[in-house]
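Peer 1: Okay, here's what each chain looks like letter by letter:
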Amino acid sequence: MSESVWAGRAGTPRSAGAEARLARNPKLDQWICYWSIPFFYTLFGLIFVLFGRIMPPPSPTASIEDVLEYMQAPKLGVGMALLSLTLGLASLSSGVIVVQMKRMEGISPVLPYAYLTALAVAGVPGCLFPGFVFALGNFRPEYSAQIQQMLYDLGFLSFVGSLGCFVIQYLVFAIAIFLDRRMIFPKWLGYLTIWALVTELVAIPIWITRTGPFAWDGLLSFYLGTVLFVGWEFCMCVCLYRAIKNQPVEELIGRAAAHGE
Amino acid sequence: MNTRDQRICLGLVPVFGALFLIGFTICPGLFPPLSPTMTAEQVAAFYRDHVGQIRASMILFNLIGIGFIPFFMVIVVQMMRMGNPSRAFAYSYLAAAVSGGTLFALADLAWLNAVARPDRDPQLTLLLNDLAWFSFTTPVGFIITQNLCLALAIYMDALPEPVFPRWVGHFNVVSALLMVPGAFALLYKTGPFAWDGALSYWLRITTYTLYVAVMFFVVRTAIHRQVAREGRVLAEAASA
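For the record, the sequence lines run as chains A and B. Under numbering that gives the first Met the number 0, the first sequence has 110 at position 111, and the numbering climbs by one with no breaks. Under numbering that gives the first Met the number 0, the second sequence has 165 at position 166, and the numbering climbs by one with no breaks.
Only chain B is shown next, with the shape it has when bound in the complex (with noise of 0.2 Å):
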């Protein structure tokens, strides 16, 4: 099987991951964050005063947004490849992944929309930002999942030669655990749980950049061994 596919897709993380931190630090008040305790007024002059970077970010992040949907499958490949008794956590993984995606795509239409009309009403400013920080913040579940369900297929996958070695469960199942906390920024406006705190946000954001760069490594070396495995699949078929 040709792979060239796969590492062109595995290519676009470093890609999309340095334009998301370009991002990142050119959008104000993403980071560090907005507070959730500021009022209407002090989010609308916040938007209105920082009108063109919050664009500029938010049209980066529009065009990029899911822009580790395609890495996301590359996974799912790799899961089929495994050693399971079947694909039940391959396209459970792949409909997670593609619910999760939604999530930050609707984040960043009420972001771009908050600062459309900058003289609109107080009070529909802070509603936008509210939804924006809820949409990018708190759907972790469905990450979650696509964690699980990667470490369940890798601890039962029986091939010879695994896809995954076991340590990238463990690496999973703690990476979704990490993540937990940010469903919770839902309840508070102060504390680590808060959508700018300690867990919700720094851990989060920590968690999830740290897990992206350990998978295109994992995912970079299993792809290595399939070329290895299959090429020496075909010089044995050649020399039988």
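Chain A on its own, in the form it takes in the complex (with noise of 0.2 Å):
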């Protein structure tokens, strides 16, 4: 039923691939926007880890040696050239999530579009400026001692210490899930949504202390944020899996079909 209404309107040539491609598979939009995530995530993480070593991140502490050192190696600008590159990838997670909150019962579209547009300020301040900072020391060796340690500062502290941007994140999405009454997420996953907000809020002291569980490479700070971060990514990415997949095709349709005639 629901192909025939596809394969009903493949009227014109310019259109019929088109057609051909949705009716095998109605959901070609979403699944490539699904798809970007883990792959954004294995970039992310080859950029972070591997080129940057931002992850884990060096001492807040370090001797200026060790800062000019960090700031100094090839790889780190090669990995912050791959993060400009690709960090707009980022918008398609979030492009398929508003779907989906878009069709939850009992919200408007206030707490998806609000989830939409923190993450696209977010990207900025947590991400990409920390980069260009990163890349900055990279790129002039010739820099003062003083600027060097200042870009390093100031690269750590705004990417472990962007948190505004992402507790609204957090929130939001929390939020629609709880008044969700069509159950599109588990209502845990707003539970574990509320402990992921949490590390943000542990990693508030990283902009007051340089040593301990809660400076920027802390125990707390760093390590349990980062963990609790990658748990809530996985079962977000499982719960984003499975609300695509038990989305009646029929939604789809109408949707297409209101516009189509």
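Calculated directly from the structure, the hints in this document are not laboratory data. In this text, a Cβ means the ideal position worked out from N, Cα and C, and glycines have one as well. Among the clues, some could well be false.
As the list claims (entries may be wrong) - Below, a list of computed lysine to any residue pairs in the SDA-like style, where the Cα atoms sit at most 25 Å apart:
| hint | chain 1 | residue 1 | chain 2 | residue 2 |
| --- | --- | --- | --- | --- |
| 1 | A | Lys244 | B | Lys188 |
| 2 | A | Lys26 | B | Arg80 |
| 3 | B | Lys188 | A | Val77 |
| 4 | A | Lys26 | B | Glu160 |
| 5 | A | Lys74 | B | Lys188 |
| 6 | A | Lys74 | A | Leu170 |
| 7 | A | Lys26 | B | Gln77 |
| 8 | B | Lys188 | A | Ala144 |
| 9 | A | Lys26 | B | Val75 |
| 10 | A | Lys74 | B | Thr38 |
| 11 | A | Lys101 | A | Leu153 |
| 12 | B | Lys188 | A | Leu170 |
| 13 | B | Lys188 | A | Gln148 |
| 14 | A | Lys101 | A | Ile36 |
| 15 | B | Lys188 | A | Leu153 |
| 16 | B | Lys188 | A | Pro140 |
| 17 | B | Lys188 | A | Leu67 |
| 18 | B | Lys188 | A | Ala72 |
| 19 | A | Lys101 | B | Met79 |
To be verified - Label-pair restraints from in silico Cβ distances:
| hint | chain 1 | residue 1 | chain 2 | residue 2 | range |
| --- | --- | --- | --- | --- | --- |
| 20 | A | Trp206 | B | Gln52 | 38 to 48 Å |
| 21 | B | Thr205 | A | Tyr112 | 34 to 44 Å |
| 22 | B | Glu40 | A | Gln71 | 18 to 28 Å |
Fit the two chains together into the complex; they arrive one by one in their own frames, and the hints show the way.
Peer 2: Here it is as structure tokens:
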């Protein structure tokens, strides 16, 4: 039934290819966005762990010699160039999550739109700006030691310490899950999201202390936060997969048909 | 549906485009670009010698820097009309456009700050200059994502009369690819990838300019067709 709706509108040769593709895989657009997430995070891991050595982070109390050595590593610049090139991919995950959030019952589009914009904002202070800062130090070994040290601090503090955008992202996502009567995402993901939000709060002290568990390389501020984030992202992927999978095809057809006639 | 708002936003494209061209031509050090190989003293002297012109052009850029956002939102609205099964690509496009716009604003602040205190330590002026050029040149990932989302949405547009013709999809993919080298300006002070290089500067600026110009006419046609099509639907409804 559902496939015939697509096939029945295959009138002009120009759109016939698109019709056939969508008849075979009516959720193709959502799946492309979905699979960008594991692809992006694999890249993200390569960039931040292997190339940048930004994760796990070096010490906030590193000597000036160590800072200069860190900033001059050739791979750091390569990593940041790859980040500049690929960070846009993060938008695709927001795109598909918004589509699924808008299926929820009992909420208006307010929360999905807040989710989309909070993340669109977060990408710059929380990721690309620190990337530029590291790249600057890497680009110009001739900067004075003082400037290099400031870039080192600014890079790590912005990367680990951009808290608010992510707090809002988690907050609106959790509220949406709790209000949703249709259970697009399971309630436990909402509770887990609250924990992810708490890790942002646990990172507050990196702005104050340079040693111990609450420093930017600390057991709580960095390691606990990272473990919880990775766990959250993994659960998010599983739940999102199920949400897309379980979406009735008629819902999709309804949207397209309403605009197609 | 009334398309007046879309036509107004579209009409802003040539206005902002012209202002951009004016800004580009009056700004020293932007067209042609400053070399990344200049020393701190040379950079500081350059800003000191051109305070007035840089200030004038950068204040202009400050005002018009994200002037194409309304245009990109018209594209979002047109994407939402497409016969895609969901609006995933339209939302992704919107998010990428927002992130990308921020970077030009950041570059402008760094440039303006570089001339705000001409007697500053040259090392700091160099730092602001580098930050400005990085933010201006390298965050190509966002426009690439926008173009690829639009291309995919066009390829999957199953409407009997697609919103954009298929070649617009190919055009978007090619434009995205031509902007890739810009990201590598973070790595090179000389050669085609440097921020003043053949690929990272000339090819990127040319591609972007051509892209906006071509998409202006493409979107204009799409809006005209939307008006014609919806007029037809209304006429049919009235006669039925």
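Peer 1: For each hint, tell me whether it holds in the structure or not.
Peer 2: Checked hints:
no.: 1; hint: Lys244(A) - Lys188(B); in the structure: 48 Å, violated
no.: 2; hint: Lys26(A) - Arg80(B); in the structure: 17 Å, holds
no.: 3; hint: Lys188(B) - Val77(A); in the structure: 14 Å, holds
no.: 4; hint: Lys26(A) - Glu160(B); in the structure: 21 Å, holds
no.: 5; hint: Lys74(A) - Lys188(B); in the structure: 16 Å, holds
no.: 6; hint: Lys74(A) - Leu170(A); in the structure: 36 Å, violated
no.: 7; hint: Lys26(A) - Gln77(B); in the structure: 20 Å, holds
no.: 8; hint: Lys188(B) - Ala144(A); in the structure: 20 Å, holds
no.: 9; hint: Lys26(A) - Val75(B); in the structure: 20 Å, holds
no.: 10; hint: Lys74(A) - Thr38(B); in the structure: 24 Å, holds
no.: 11; hint: Lys101(A) - Leu153(A); in the structure: 37 Å, violated
no.: 12; hint: Lys188(B) - Leu170(A); in the structure: 43 Å, violated
no.: 13; hint: Lys188(B) - Gln148(A); in the structure: 22 Å, holds
no.: 14; hint: Lys101(A) - Ile36(A); in the structure: 19 Å, holds
no.: 15; hint: Lys188(B) - Leu153(A); in the structure: 23 Å, holds
no.: 16; hint: Lys188(B) - Pro140(A); in the structure: 12 Å, holds
no.: 17; hint: Lys188(B) - Leu67(A); in the structure: 19 Å, holds
no.: 18; hint: Lys188(B) - Ala72(A); in the structure: 16 Å, holds
no.: 19; hint: Lys101(A) - Met79(B); in the structure: 14 Å, holds
no.: 20; hint: Trp206(A) - Gln52(B): 38 to 48 Å; in the structure: 39 Å, holds
no.: 21; hint: Thr205(B) - Tyr112(A): 34 to 44 Å; in the structure: 35 Å, holds
no.: 22; hint: Glu40(B) - Gln71(A): 18 to 28 Å; in the structure: 22 Å, holds
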